[in-house]
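Below are the chains, spelled out letter by letter.
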Amino acid sequence: MSTSVNNTSGEIRDEIKDLETQELTINMGPQHPSTHGVLRVEIVSDGEIIKGAYPEIGYLHRCFEKHTENREYLQVIPFVDRMDYIAAMNMELGFCLALEKLLQVEIPERAQGIRVLVSELNRIASHLLALGTYSLDIGGFTPFLYAFRDREKILRIFEEICGARLLYNYIRPGGVARDLSKSVQEKIADFCKYFVPQLDEINDLLSGNLIFVNRTANIGVISPDMAVAYGLSGPNLRGSGVNWDLRKVHPYSGYEKYDFDVCLGLAEKGVVGDCWNRYFVRIKEMYQSIRIIEQALKALPEGASMGAVSKSIKPIGEIYMQTECPRGTLGYHIVADGTKRPHRVKAKSPCFIAVSTIDEMCAGMMLADVVAYLGSLDIVLGEVDR
Amino acid sequence: MSTFFKEYFGNIWTAIRTVSKGMSVTFLAFLKTNGLRKVRGGYNYGSGTVTISYPEVKDPLPSISRNRLFMHEEGCISCNQCAVICPVECITIESRKKNSDENPDAKTPAHFGNKPLKLKLMRFDIDEALCCFCGLCTEVCPTECLVHTTEFEYSKYDRDHLVYDYLKFKDENPLPK
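Chains A and B, in that order, give the protein sequences. Letter by letter, the first sequence follows residues 168 to 553 of this note's numbering. Letter by letter, the second sequence follows residues 426 to 602 of this note's numbering.
Treat the hints with care, since some could be wrong.
DSS-like, lysine-lysine: derived pairs with alpha carbons at most 30 angstroms apart [to be verified]:
id, chain 1, residue 1, chain 2, residue 2
1, A, 451, A, 415
2, B, 457, B, 540
3, A, 451, B, 457
4, A, 481, A, 507
5, B, 532, A, 478
6, B, 545, A, 478
Computed Cβ-Cβ distance ranges for the label pairs, DEER-style [claimed, not checked]:
id, chain 1, residue 1, chain 2, residue 2, range
7, A, 396, B, 579, 25 to 35 angstroms
8, B, 487, A, 530, 43 to 53 angstroms
9, A, 395, B, 431, 51 to 61 angstroms
Hints listed in this document are in silico derivations from the structure and should not be mistaken for laboratory results. Using N, Cα and C, we set each Cβ at its ideal position, and we do this for glycine too.
Same shape as in the complex, but just chain B (with noise of 0.2 angstroms):
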């Protein structure tokens, strides 16, 4: 009988510590999230609050943040290889022969490595619904034209319209319409 008193009050005693030690730990992440307490170790690296009102507050991302992406159109020498690299198949290019009208010895800007423009660029479209953000297209380029943004919200109602025209398509980061 002793034995099952034993027993039976044991256990109570195990679930009342047991549970308690747990609430005592979130009783002070508690404190620790509205910064009355410093985290144990006396290290303060990531205390206080880490949510954010995400619509209103936007954390920003590392710049080098792969999301959508952009082609600055002045750049490209329309080598094809990031068509070529891209394992979804997502980016189109065409281009043409140049005609007699046009500068034969056009070159890009200096910020894009100053090379040569042999071909004229007739169609730059990203399939932005099929890109999968390796970032290998970005890589390959050889006057980095196209380039990852930071942008990441831009959905939209038809997934036509996530085709992206670059050679339309001025804006870096457009406005929320």
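Bound-form chain A, shown alone (with noise of 0.2 angstroms):
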């Protein structure tokens, strides 16, 4: 029986010898669920390694800086809010700065502090999101409930604050859309007392779980260089390792008033620049944007929550504006020629940068490891194609 063995053995080694290894091209999306909308990623791999990874964007394009061309200054604003749907307060604060900077208004003081509160509100439900869904990618299903749990709360204190669940038409140009009662600001105060000890939960659920911290660290390292050069911002890049906060380094609508701290990735596990830094980045800042929180209330000023910017307005010029989103730094450049519409509307997303990042830094990982990398970019496919 053994000499049969060794010499089948000796057949098929020398089968062997004659094959060769071949590369198979994986399709990933776009209905893929951890590519967080309709991104295509063609992945070349061998075996288990991937050899090149390349991403395809442009499914969800909408041809919003087309539109801008088309509409009033006000009429952009819903298009706005459509672009990163997730945090459309944040993406309404950057166009309206940018228009308030065009036209030299001053912005009453409360709806400057109305506009802190619903952009950091905005940042934590931004946040709960990525959070939630890069544990269901990497297979734990009850951070994301925990999750869903408290942004429903969140999204519950928008709608009545401005009377939408996500896409709020709330910034305007001139300060907010409407004042913010008592009642709401009772329960923005509520939710913060709340909320702190539930993400002390969530923490103490997901972020030391051994099985989470093997699939996350030491993964897709970034190195504060690379970071840097590619021009990723946000907990992208401050999970790198890099201090850059707009809010600290350019402050806008107010932040200089507020006292927190730009959280960076500290290597508490892993090595700074992996995916477990960044999606840690987030979870401290959301602790930051409650503090933020709890200060905007206790210092909102009585007064106007709308300042005196007539109804059509007709902005001469040109201008850049960027703002830090929970996604990075977003950036409007808006050419204005003196009409009611807007010339030509450029926005920057932090997304696409993300997105460029995966053609060099999946090539050389395991396959599995390409969701836990997406994940931790937390990309939006509605800002990348606009």
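The task is to assemble the complex, starting from two chains supplied on their own in separate frames and drawing on the hints.
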């Protein structure tokens, strides 16, 4: 028997000599659940090792920039909402700040306070979604439910502030559309008290979990140099240990008045710049957002919530304004020619830059780590394609 | 050899410790949901069951919630502002000058601002399939006759049925048929 085995294995060995390994092209997306939207990644793999990953975008292209040229400035804001639909308040804030800079109008203190409140609430909502879906990608279902339970409370507050849950059309050039009522302020204060212990719980549940840590730590390490070279921003940049937050560096909308820390990846687990650190920066940022909200609520002055801006605005000039959104630095370049409609609006999207790192980062990775890497970037394809 | 055992059993111990920490969180959440334990920090906002059995139980929406539009015919002065501001052009308004047999001094009711009705409204259609619920039209309406209702269940079998003719459509919250 032993001889026959030897013979057959010898034959097989001869056959293997003639065989060649073949690269396999895998199509990930556009309907893949962990691409967070309609991103298609063409993966060329050699066994479990990835040779190359080529992201393909454009499935959610809605001609935002062209549409704006045929719309009045007030009508552009609903379109801006639909870019990053998860953090629509932050999208509006950037656009309105750019317009206000162009018009050189004074914004009432109360409107600025409300803007900070809603954009920080939306930052929490956005990070909760990022956290929940990331844990879902990795295989943990429970944190997803917890995150959405708390996000729902923020959405309900938004519904009472402006009437919509996702696409708010709330921040306008000159201020905000509606004043913040006392009862909503109380609800926000209640939420802050409620949320911190809940966040501690989610943190206990996921951040230290060995299965989660092993899947994410030391995976997809973006070095600080590479992050800066690509132009990454937001939690992705800070996860690589680069201290850059526009709210601190170039404060806008009164952020200089609030006391908060810039959260960096400190390699509590893994190394600086890996998936786990990017994830944990988001957790830490939520605590800081709560700090800002509590201060903003306390310091919210009485007064008008809308500045003196005429209904049909006709700015003239060129402006570039960037704000710190949950996913990074969002910039608006507006060319205004003195008519009711903008001549050109260009949005600089942080997620597009994050997508462009996939090509370089995924080469040499294991197949299962691509999901962990994509999730840690927290991309929204609505913003990439625009 | 001893370091190998240390690492091996250390890993197992860490895994058990972290996973059981997570399990304790879910177990406490189970207790909280059933009202057997207070939320950490002694603060009870939002504890208990957070889900509802939707079609049977409905969560009341805030009154300013933006859902399907509704136009009160008697309040419209055919000013066309809503159709102009709409970013998706879903509102169609047609009006004509008044004939001699119509009252030239007619006014909108007091709760719609008592504005003079100079034109006769002939058509007021809103394509709810196009509407993006931005609320700009309700803000510019001078008589506040165009409002967002809290009605959000109005799906139809045909897209054409979503074009609402508000000169005929009266019931603000029609019963499902």
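Hint by hint, here is what the structure shows:
Proposed proximity of residue 451 of chain A and residue 415 of chain A is supported: the alpha carbons are some 16 angstroms apart, at most 30 angstroms. At most 30 angstroms may separate the alpha-carbon atoms for a hinted pair to count; residue 457 of chain B and residue 540 of chain B exceed this at roughly 56 angstroms. Distance hint between residue 451 of chain A and residue 457 of chain B is fulfilled; the C-alpha atoms sit about 25 angstroms from each other, no more than 30 angstroms. Of the pairs offered as hints, the one joining residue 481 of chain A and residue 507 of chain A holds, with about 5 angstroms between alpha carbons and a cut-off of 30 angstroms not exceeded.
Proposed proximity of residue 532 of chain B and residue 478 of chain A is supported: the alpha carbons are some 26 angstroms apart, at most 30 angstroms. For the proposed pair residue 545 of chain B and residue 478 of chain A, the alpha carbon gap of about 27 angstroms is at most 30 angstroms, so the pair holds. Roughly 51 angstroms separates the CB atoms of residue 396 of chain A and residue 579 of chain B, a value that falls outside the hinted 25 to 35 angstroms. For residue 487 of chain B paired with residue 530 of chain A, a C-beta distance near 50 angstroms keeps the hint of 43 to 53 angstroms intact.
A beta carbon spacing of about 40 angstroms between residue 395 of chain A and residue 431 of chain B contradicts the range 51 to 61 angstroms that was offered as a hint.
Checked against the numbered hints above, the structure breaks hints 2, 7, 9 and satisfies the rest.
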